[in-house]
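We have chain A already, so just place chain B on it with the hints.
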Amino acid sequence: MGAQTPNGFKLDHSGKRIVIDPLTRVEGHLRVEVNLDSDNVIRNAVSSGTMWRGIETILRGRDPRDAWAFTERICGVCTGTHALTSVRAVENALGITIPENANSIRNIMQLCLQVHDHLVHFYHLHALDWVDVISALKADPKATSALAQSVSSWPLSSPGYFKHLQIRLTKFVESGQLGPFKNAYWGHPAYKLPPEANLMALAHYLEALDFQKDVVKIHAIYGGKNPHPNWLVGGVACAINVDGTGAVGAINMERLNLVSSIICRSIEFVEQVYLPDVAVIGSFYEDWLYGGGLSGKSIMSYGDIPENANDYSAKNLKLPRGVILNGNFSEVLPIDHGDPEQIQEFVAHSWYKYPDETRGLHPWGGITEPNFQLGPNVKGTRTHIKELDEGGKYSWIKAPRWRGNAVEVGPLARYIIGHAQGKAEFKEPTEKLLKTLDLPFAALFSSLGRTAARALECQWAAHQMRYFQDKLMAHFKAGDTATANVDKWKPESWPKEAKGYGFTEAPRGALGHWIKIKETKIDNYQCVVPTTWNGSPRDPNGNIGAFEASLMDTPIADPEKPLEILRTIHSFDPCLACSTHVMGPDGQEMATVKVR
Amino acid sequence: MGGAAETFYGVIRRQGITRRSFHKFCSLTATSLGLGPLAARQIANALETKPRVPVIWMHGLECTCCSESFIRSAHPLVKDVVLSMISLDYDALIMAAAGHQAEAILEETRAKYKGEYVLAVEGNPPLNEGGMFCIDGGKPFVEKLRAMAEDSMAIIAWGTCASWGCVQAAKPNPTGATPIDKVITNKPIIKVPGCPPIAEVMTALVTFITTFGKLPELDRQGRPKMFYSQRIHDKCYRRPHFDAGQFVEVWDDESARKGYCLYKMGCKGPTTYNACSAVRWNGGVSFPIQSGHGCFGCSEDGFWDKGSFYDRLTTIKQFGIEANADQIGMAAAGAVGLAVAAHAAVTAVKRLTLNRAE
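Residue numbers (my numbering), protein chains in the order written: chain A, 1 to 596; chain B, 597 to 954.
If we strip away everything but chain A, and leave its shape as in the complex, we get (with noise of 0.2 Å):
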């Protein structure tokens, strides 16, 4: 039953299955299914986005100019930065260029973006994966703020604060009514922290709940409101008055006031907070170094943060781009978005349709029919799935490639790449945090090499905020308010026929829009996404995708309680609404189907 991917994975499916569905705190809708061996370690492993929406081909005749309102739609967790790779897109086909300033407040908009995301993902999606909630109410609280004390400055750490807040967790979990906290695995012997600890970081989890929220008000005061700020093709939409009449009713003094506070707030929080419990929390689980999958072979970014407006080579951009595949972490390989031999999606595992499904396809020129077919090894029916046939098609998600290979994206790829191409500002704080938990570089390939590289993610994307709030204030100061290029803003304005694409730095990993437009309109739109990489099922060749890869091999302690599997899937950050709503220029509109 033994099979071997040509990615370098031994699968076996002749054991004991076990089925988690639904993968929940993930974005969406997520089913994951594994195969263990008599010792209960995972021999093959199984993902399925089980969600799909069709934005694209909503797209289709629609104004290039609202693109990046609909696809923002796409996620409102990474909420924005679909808007950004739109907007970018757009202004690719169309040769419109954009404001410094504009280039600034975007960048500002997409690090707040990136912080709020990490913060909320590791505090309120991730760490009940390592910190177990009952176990805070056995904790000493004199112990507690002992703990907190040495690991940082933040100043709620008295043995009252703790206390209390011991008190309040203990009547809560006394009602009975557990509320989020219900029915966990709580007690799980994979839980490995302390109770000071897991009480630590349980107070830090709810003061997380309070900050994240002001976290986003940059958002709100660049773009309106968050979730869902708004973007615009050209530029900004908020224009700059510091000084003359009306000044109230634009980005004057009192809003740069406001975002210059939130960004010395986050970077404090950052600091003082999430890094020291990463530390603490790492600490204890040095020795629980399973998940790396993917990560320490195959991964890629496509870079983003330009330091100077309408420039996105390599060079301009601040985090890094290019692909390191096979584990050859010597070369870092080029990217071409345009190259049609480069970005293929494959459909042969997944709920699509192709004339040929051996092949893949560049997204100018993808196709996506909804084609929901089981496997004929399907366990239950087609519309009660008991255990899907990995053999046939089994997602909702495509399997993107580079060159053929599947690749991992997202913050450890990032910092991986970013340390390949020795970069200080990536490699440097690294080493550091290795250095700090005694471990060798190659413990980075693991699900606590992810969670720790978002980590000091976070507090880069922090002082780069403040960066881009410095050069901003700068060219106010010399004069350049603009925020906008109205050039070709009317559609009279632009070539009958164009084609673009854009790209960032998700959260999640790389993330790219395809376009055509034609006669001013939308004539087709493909976006691939970071969980569409991570996430994805199988190719025709039989390689097997980041999250799958990273299950590979690992111990589960109890299978009725699969704790190991969520804290390694969660370690990505999954995000499906974003992965599963693919669709081509050959979508059309399907029968009416009459609400029963």
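It should be emphasised that the hints constitute simulated quantities derived from the structure, not laboratory data. Just so you know, even glycine gets a beta-carbon here, dropped at the ideal spot from N, CA and C. Accuracy of the hints is not assured; some may be wrong.
As the list claims (entries may be wrong) - When the alpha-carbon atoms are kept at most 27 Å apart in a straight line, the in silico BS3-like pairs for lysine-lysine are as follows:
| no. | chain 1 | residue 1 | chain 2 | residue 2 |
| --- | --- | --- | --- | --- |
| 1 | A | Lys488 | B | Lys854 |
| 2 | B | Lys735 | A | Lys516 |
| 3 | A | Lys386 | B | Lys854 |
| 4 | B | Lys783 | A | Lys379 |
Said to hold, decoys possible - Residues from chain B shown here face chain A by an in silico Cβ test under 10 Å; the list is partial:
| no. | residue |
| --- | --- |
| 5 | Thr614 |
| 6 | Phe618 |
| 7 | Lys675 |
| 8 | Cys757 |
| 9 | Leu858 |
| 10 | Asp897 |
For chain B alone, coordinates are given in the frame of chain A:
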């Protein structure tokens, strides 16, 4: 901070609600569910002795912006809502449990809190392909939705997805995405549209129910009147510029820098019913118009299919900008024909502009 072990009754008493009002709530709830006086007593008894109202929060086809918005609430803080005001027993986004342990909570809630839990729905079910465009636990999401609706007390339809269909239901709606009230027809449904709704509107709605002990007054379309009965335009701080004929003509012009009206840039504030210009966003920091972009009407039914966001309202075959709330409400309810007043309204605005210019 509230004691976590408080009952629902304890919580509302602490917020100044009398025993009499509490009982009134119980009978109103019973009436709204079509139940008799005996049921009202049972509800009262349940709420006095049983703890916080269980809330089951389900996700269909959506983008999770509603949940993200909910956790942005500044008053009350969402941690206080979750720890002291409701019992959020199931929400796939934040719950610690997964797989069959998570699913078990649904059955347990149905059995233990029959007719007593609130079902909050974010997103909507797709009905094409046998419902399998949204699979949850190996089954169509719509099955789970129907099952949980069956024994719920009331349903909150969060956001434009659950209320109207939103982006996945925009033409050609390839998945057959369908709003909640078209699938569940025998329960009270409160629509809280917006993409997403404002955080404080969401928590205000929840705490209104737990504080005043009744469901809010709804308009003809099922939206709470307290937040959706006036247009963005009615409360917009840039309204005086509209009245004075002072408009932004192109992005980043002098008028944009002076904060003039965005009507000519496509602002849909005149036809959008929501609280953005009054409550504002993110703890009152801003709202779209304040940050220089027009409103594109994200709380309105079918807003994705009404032309470009940058088309001036005149080119949209919709309502006159000066039609009053009742007229628009009737139009939206399908009571009158559309596409009538647009031209007249433009003329009115032009006249107004000219007069000011003279």
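Each hint tested on the structure:
no. : hint                   : verdict
1   : A:Lys488 with B:Lys854 : holds, 23 Å
2   : B:Lys735 with A:Lys516 : violated, 36 Å
3   : A:Lys386 with B:Lys854 : violated, 61 Å
4   : B:Lys783 with A:Lys379 : violated, 35 Å
5   : Thr614                 : violated, 24 Å
6   : Phe618                 : violated, 20 Å
7   : Lys675                 : holds, 5 Å
8   : Cys757                 : holds, 9 Å
9   : Leu858                 : holds, 9 Å
10  : Asp897                 : violated, 16 Å
Comparing the model with each earlier hint shows violations of hints 2, 3, 4, 5, 6 and 10; every other hint is respected.
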